[in-house]
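Line order of the protein sequences matches chains A and B. One rule links them: number in our numbering = place in the first sequence (from 1) + 125. One rule links them: number in our numbering = place in the second sequence (from 1) + 3.
Bear in mind the hints are in silico, worked out from the structure with no lab data behind them. Cβ coordinates follow ideal geometry from the N, Cα and C atoms, glycine included. A hint or two may mislead.
As the list claims (entries may be wrong) - Among chain A residues calculated to face chain B with C-beta under 10 Å, some are: (1) His154; (2) Leu180; (3) Glu188.
Unchecked claim - The following label-pair restraints were derived from C-beta to C-beta distances: (4) B:Phe112 to A:Gly181: 35 to 43 Å; (5) B:Glu36 to A:Gln204: 32 to 40 Å; (6) B:Glu36 to A:Ala221: 57 to 65 Å; (7) B:Ser52 to A:Ile127: 25 to 33 Å; (8) B:Glu36 to A:Arg512: 29 to 37 Å; (9) B:Glu36 to A:Ala145: 23 to 31 Å; (10) B:Arg86 to A:Asp192: 22 to 30 Å; (11) A:Asp192 to B:Arg47: 19 to 27 Å; (12) A:Arg512 to B:Val110: 40 to 48 Å; (13) B:Asn76 to A:Asp192: 30 to 38 Å; (14) B:Phe112 to A:Arg175: 38 to 46 Å; (15) A:Leu589 to B:Asp44: 48 to 56 Å; (16) A:Ile127 to B:Glu36: 26 to 34 Å; (17) B:Arg86 to A:Arg507: 50 to 58 Å.
In case you want the letters, here they are:
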Amino acid sequence: MISDILHRLRALFRRKSVEAELDDELRAHLEQQAEKYVQSGLPRDEAMRRARVELGGVEQIKEECRDARGVNLIETTIQDLRYGLRMLAKNPGFTAMAVLTLGLGIGVNTTVFSVADGILFHPLPFVQDSNRVVGIVQISKDSDWHAVIEPANFKDLQKQCQSFSTMAGYEWTSPTLAGSPQTHGSETGAERVDAARVSKNFFETLASKPELGRIFLPEEQQPGHPVVILSDRLWRSHFASNPQILGQTIHLDGQSFAVIGVMPRRFDFPTGAALWMPLDLSPEEWANRKAGHLHVIARLRPGVTLSQARSELSAVSGRLAQDYPETNNGQTAVPVLVGELINGNLTPMFCYTLLGAVGFLLLIACVNVTNLQMARATNRWREVALRSALGAGRLRMVRQLLTETALLAVLGAGLGLAFAQGATRLIVSSMPAETAVQIAGWGDIGLKVRALGFAMAVTLLSALVAGLAPALRGSKIALNQALKSAGPTMAGYSLRLRGILVSAEVALALLLVVGAGLMVKGFRGILEKAEAFGPANLVTARVLLPEYKYPDFEKRRAYDDRVLESLQATPGVSAACLFTTPPFSNNGTRWRNFSVEGVPSGKRLPAAVIQAISGNYFQLMSIPVGSGRTFDARDSATALPVAIVSQKLARLSWPAGSALGKQLRLVQGDSAGPWLTVVGVAGDVEYDWTDNEPEKAIYIPYSQTWSSLDPKARDEWAGAYFGARTSVASQSLIPTLRRELASVDPDVPSFGWETLDKVMTDSLAGVAEVGGMMTGAGLMALILAAVGIYGVAAFNVEQRTREIGIRVALGATRADVLLLVLKRGSLLAAVGLAVGMAGALALMPLLSAFFYGVKPADPATLLSVSLLLAAVALVATYIPARRATKVDPMVALRYE
Amino acid sequence: MANERMDLPQGTLDLLILKTVALEPQHGWAISERIQQISSDVLRVKQGSLYPALHRLERRGWIKAKWGASANNRRAKYYELTRSGRRQLEAEESDWRKLTAAVGLIVDFSRSA
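This is chain A alone, in the form it adopts within the complex:
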């Protein structure tokens, strides 16, 4: 073994002396053999000749000895590389084309991989072993996916489950962060922030430590310990990264909180949280088993698998269902990998679709390069024939040709990486900041080591895919063809293969463009739905009523009334209203559980979006009120508590008859609000477009908020949305409206002045990005396919030049020649289109299941894309066809 290695090394590094020795050895042999012949009587030169003949081909023997020495692989690879580089340099046009094509494919794939890696595969890089952390959600028999868990159940799960080393719960809250005393009351001074209230073990479960300070102590989980931990983002933006921040106080909702820690820069859980507070529930709140509001995360104990945890949770849930049949019946706790949990269903769909799309693109690019190479191979037949005559085995030739392709791929990869670097930066920066904050891992996207590894794998793969066929084909050129010095004229098999490849290209391109088209169409469909609200003519804004000036509901309501009046009086405004969250804004929707009268109170409660609105909300938003009435002056604070429900809710809660006159009430924690009488049923609205369908909604009149809503909601929703419907484009009126609102009370800061347009665009930004990327990929596919078709057609013409010359000489007209060439190209394109269309028809139902707004059968899109591709193919074939008609028969017949 050791001698083996030593030998190989020696052969590698002392090549010259090894070669010289070999030479000497063989020469010595020849001499001795010749001696023998001389001694038997032959003349000297005859003896030498005989000896040589007997030995055989010296070069071949040397080659075999070299083989036997065993370093041949490395030597020949270096040889191949040198040779390949030379050949590529000799053909700059081809090389540039191939490198660009491969570079595009590799670059685009690396880009999409980086994005997918950042937000899908590793969205939580700050969590150690994030695949050991799970979220625990509750599902019930009626399959209402409900993520949150009741505090009492949480406690039981924590106590009874052995599969987890730590378990923690958290919930969202939106306190108002006050500015410094000087800025208090001004517009920039105060704002709403998203915060998470976290239980014991939260940070331990995530195995994360603060950058500064400490985490909450167990005793701080009891009510009465106002402490907070800041996120790095908040620390930088609001506290200027003050290193002395620990111990200072900040004001949330008018209360003072001491800052005891700052989390590291990358820590972002739950996604978008600006600060963390202790989950200080009272013992009564901990005992609540009816209404859930906790998100739960847990870390698997070492050695426990996910499926083991799942079965344990299922068993524990079963026990709880037995012990508490009223509340827990039919409920099962289920573990979900935390990465999957925070991503929702959209992110994986988008990522995998994009990855698939750019994978197709890479295939198309490889096909193009294959075609380019095959064309080139036909022109190199002489070289191949010579080498094969000199003794190069087929394997050797294949290796050499593959090496050339590998070189192309590596050069392409260099280009591709540069492209990917720029493209990822572009993609990351083009997402609006408000949306980017909500996407886990977005800020972390970049060319990481993983992406580089992926790029390498892709490079190797494309080298193989693009290079294997031409290498196998190119090395096959047999000796008998070489003897016919004319060489192969049609290389028929090769031409057919290339034709198949081009058809495949066309099919893939069709699929890609159709996919992109459908997504863009779906996206536009969402926008169109949004258009129904007239978003350009609707301004929204929010205010923060300072506690000290508006301590009770009466004062707040009075303020709101005055604002509505003053806004409505402004010229250009046709109506102004009040609501909780705008439609199509997918964050910030407020949910509450509710119970329906007549339904047993113990069952798990459904939830609905809650909107506290002024009476003209429906009219302003162009939402139809199907039956009953909308709110009006009757529904004052002292009158009967009423509600309007959405159609979906009415249908689900009272399937038998009309919802009018029925009663329901909102439930928060252990307390339930008053019974609300349904007075109207409104059309369904999507408050969160990511839900793929409208949510159940309950509307209560703003004047009754105090009585109908629970204290928590009242506090949280104090900064309601104002909406103003304008007769002209709202954007221009914003400064005026701002002034008007400020004039009602200059001490009240307002913020978030945006047209509904902008609110929706921001929330749709993610889809828009994906749509943009798909469109880009589709365009690239189109171009590549066109280039591919053109290449094959042009090559075809070149190969058939003599034939065309003969035909023309025999009387064929220009039109005949044109038709001849077009026929082949059109046939290829037609086959490709047919296959592509079949594939698209199969793909469409799949896409529609996953993407919003995509219909399962969309013949219009399919047809238009096919026509587009057909036109492109036609043009690509036409250009060389025209050139064919210009063939001079005299030149062609002489052409060889």
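Starting from the known structure of chain A, fit chain B onto it as the hints suggest.
Positioned in the frame of chain A, the structure of chain B alone reads:
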């Protein structure tokens, strides 16, 4: 019978080389001559396959090479058996005897019946 030259059966070249070299160190040409001589001219080594085989055996460490002076004072590369080569030779010899004995049994089988 002496004129019936036969080509070496597949795979026996290694064995013959090792055996030849075991007797005393030889250079390539001499090995080929020796094999011819000792087999009474029956076995004929294809000279083209000799040297690759020698180099292969050298790489495996069963023979080692040394440059020296040949009979007529020319520089020649001498090969001699190494210790592991000796072990390999014994193994191949025993394999060969087993193989030929078994084949012989079958060939002789029909005659006895």
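Hints, one by one, checked against the model:
no., hint, result
1, His154, "holds, 5 Å"
2, Leu180, "holds, 5 Å"
3, Glu188, "holds, 9 Å"
4, B:Phe112 to A:Gly181: 35 to 43 Å, "holds, 40 Å"
5, B:Glu36 to A:Gln204: 32 to 40 Å, "holds, 36 Å"
6, B:Glu36 to A:Ala221: 57 to 65 Å, "holds, 60 Å"
7, B:Ser52 to A:Ile127: 25 to 33 Å, "holds, 27 Å"
8, B:Glu36 to A:Arg512: 29 to 37 Å, "holds, 36 Å"
9, B:Glu36 to A:Ala145: 23 to 31 Å, "holds, 25 Å"
10, B:Arg86 to A:Asp192: 22 to 30 Å, "holds, 26 Å"
11, A:Asp192 to B:Arg47: 19 to 27 Å, "holds, 23 Å"
12, A:Arg512 to B:Val110: 40 to 48 Å, "holds, 46 Å"
13, B:Asn76 to A:Asp192: 30 to 38 Å, "holds, 32 Å"
14, B:Phe112 to A:Arg175: 38 to 46 Å, "holds, 45 Å"
15, A:Leu589 to B:Asp44: 48 to 56 Å, "holds, 53 Å"
16, A:Ile127 to B:Glu36: 26 to 34 Å, "holds, 33 Å"
17, B:Arg86 to A:Arg507: 50 to 58 Å, "holds, 52 Å"
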